[in-house]
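Protein chains: 2
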Amino acid sequence: MENYIYGKNAVVETLLNSPERINKVIIQKGIGLDNRLKKIVNLCKDCSVVYNFGDLKGFLNENGEKVNLQGVVAYVSPVPYKDFQEFLDENKSGEYRKIIVLDGISDPHNFGAIIRTAAAGGYDAIIIGQRRCCPINATVEKISSGAVNKVPIIKVNSLNSAIQKLKENDWWIIALDVHTEDNYLNIDYKNMNFALVFGSEGDGITKTILNLSDYKVKLPTQFESLNVSCCCAVIVYETLRQINYT
Amino acid sequence: MENYIYGKNAVVETLLNSPERINKVIIQKGIGLDNRLKKIVNLCKDCSVVYNFGDLKGFLNENGEKVNLQGVVAYVSPVPYKDFQEFLDENKSGEYRKIIVLDGISDPHNFGAIIRTAAAGGYDAIIIGQRRCCPINATVEKISSGAVNKVPIIKVNSLNSAIQKLKENDWWIIALDVHTEDNYLNIDYKNMNFALVFGSEGDGITKTILNLSDYKVKLPTQFESLNVSCCCAVIVYETLRQINYT
Chain A
384 MENYIYGKNA
394 VVETLLNSPE
404 RINKVIIQKG
414 IGLDNRLKKI
424 VNLCKDCSVV
434 YNFGDLKGFL
444 NENGEKVNLQ
454 GVVAYVSPVP
464 YKDFQEFLDE
474 NKSGEYRKII
484 VLDGISDPHN
494 FGAIIRTAAA
504 GGYDAIIIGQ
514 RRCCPINATV
524 EKISSGAVNK
534 VPIIKVNSLN
544 SAIQKLKEND
554 WWIIALDVHT
564 EDNYLNIDYK
574 NMNFALVFGS
584 EGDGITKTIL
594 NLSDYKVKLP
604 TQFESLNVSC
614 CCAVIVYETL
624 RQINYT
Chain B
384 MENYIYGKNA
394 VVETLLNSPE
404 RINKVIIQKG
414 IGLDNRLKKI
424 VNLCKDCSVV
434 YNFGDLKGFL
444 NENGEKVNLQ
454 GVVAYVSPVP
464 YKDFQEFLDE
474 NKSGEYRKII
484 VLDGISDPHN
494 FGAIIRTAAA
504 GGYDAIIIGQ
514 RRCCPINATV
524 EKISSGAVNK
534 VPIIKVNSLN
544 SAIQKLKEND
554 WWIIALDVHT
564 EDNYLNIDYK
574 NMNFALVFGS
584 EGDGITKTIL
594 NLSDYKVKLP
604 TQFESLNVSC
614 CCAVIVYETL
624 RQINYT
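Here the protein sequences line up with chains A and B, keeping their order.
For the first sequence, position 172 (counting from the first letter as 1) is numbered 555 according to the numbering used here, and the numbering increases by one without interruption.
For the second sequence, position 205 (counting from the first letter as 1) is numbered 588 according to the numbering used here, and the numbering increases by one without interruption.
Bound conformation, chain A alone (with noise of 0.2 Å):
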């Protein structure tokens, strides 16, 4: 089946970062022309993409599901990952760098909330590995809100090895652990290239990963956990706070 997207946001913000990736847009015919979608229509003839009003209503998600769809679809290639290496590589203006690296993620709505966080806060990339993670469906895109265009993504044969290579190339590695007693506000976030790991909701992070880990943090709470999305967004926050406004 032919990879698409859907509502006014995603197909906005693909468009405006990565046409290429677009064959095709699809506007329910008949809807009212909102601002958006009147947006949608004019990049659409920007960027040369061909696009049609057509009938969406029986148009079913990949589970065989209905989808507020926003009256819009996209037929699109994949999001291309980026590699590891040359983001390794690339630093030239030899800045500190963050990044997100997930161990497992399987919720698309937490994937895709990650990544909108991390297009937000201006992180430099998110790192998955090949197993255990979500793949970047219609769900995922849609709810990040087409950041899936803006932060690069790298996709890992294996993140243990990614993780060493960070570490040899001077990144500290902060991973989010609920079993440590450390607060994540105990770390000076500035001054250095750091990766923020965070696990799958069920499992937390792999034994290996955590021992690779310089320091293990967690949000104090008073109540189990926060989802992970909202956990990642808080700390990505607090990074951004120390960095920019102490």
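Hints in this document: simulated from the structure, not taken from any laboratory.
Among the hints, erroneous ones may be present.
Claimed, not checked - Simulated pairs of lysine to aspartate or glutamate, EDC-like, Cα-Cα distance not exceeding 20 Å:
1) A/K421 x B/E607
2) A/K421 x B/D586
3) B/K440 x A/E448
4) B/K573 x A/E621
5) B/K601 x A/E621
6) B/K449 x A/E445
7) B/K422 x A/D586
8) A/K449 x B/E445
9) B/K421 x A/E607
10) A/K422 x B/D586
11) A/K440 x B/E448
12) A/K422 x B/E607
Once you have looked at the hints, place chain B on chain A.
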């Protein structure tokens, strides 16, 4: 249709915090009992809650979809709402209190994640309006990981009136508004009762409520806005950082 919840955490937390809500627990027949499922069986015994083993394979959610039940469903009475006036009156300790007000969150994933964040952050209540708010359904309870039983939820006829009443009672109203320039870090969240107000992803906060607000703040971003539940988590944890660590 009878209310139900599903998922191990949601059922465990409901058994721990509100066993009186549970009419019956059904565990998938023939499933291997892991620690969480064993805990559910033991909690049912301790709380005298009826449970049995049945076939859940054909179980469909309220939209007629299959969902990952994690082997357990519980039939429950609805989450009881807290009375607004009672909440206002009951500040025995005289300590400053903090709440979240939701002006039209329609996505159950966001609603559930916000409830979980409020519980994790020790917030005192969540206020929702009659209209434009997602009902507390099985998805919300699942995503909240059972936190619906931890944080008092107040449903009011008019959010405008509720906010006016809060102001009369010496609460400060802080609205999240992507159109403002004020950084959320510039507010001093200590030494006051405050309500953080979040609007719907599509429309934001209604104008009347924005006009009633004492502060309008936003998260600085390099790409659109964050997912509303992520945004909520960032601000909740900034308030906790200021209150507990500065």
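We went through each hint and held it up to the structure:
no. : hint            : result
1   : A/K421 x B/E607 : holds (19 Å)
2   : A/K421 x B/D586 : holds (18 Å)
3   : B/K440 x A/E448 : holds (18 Å)
4   : B/K573 x A/E621 : holds (18 Å)
5   : B/K601 x A/E621 : holds (15 Å)
6   : B/K449 x A/E445 : holds (13 Å)
7   : B/K422 x A/D586 : holds (17 Å)
8   : A/K449 x B/E445 : holds (13 Å)
9   : B/K421 x A/E607 : holds (19 Å)
10  : A/K422 x B/D586 : holds (18 Å)
11  : A/K440 x B/E448 : holds (18 Å)
12  : A/K422 x B/E607 : holds (16 Å)
Violation of the numbered hints given earlier is absent; every hint is satisfied by the structure.
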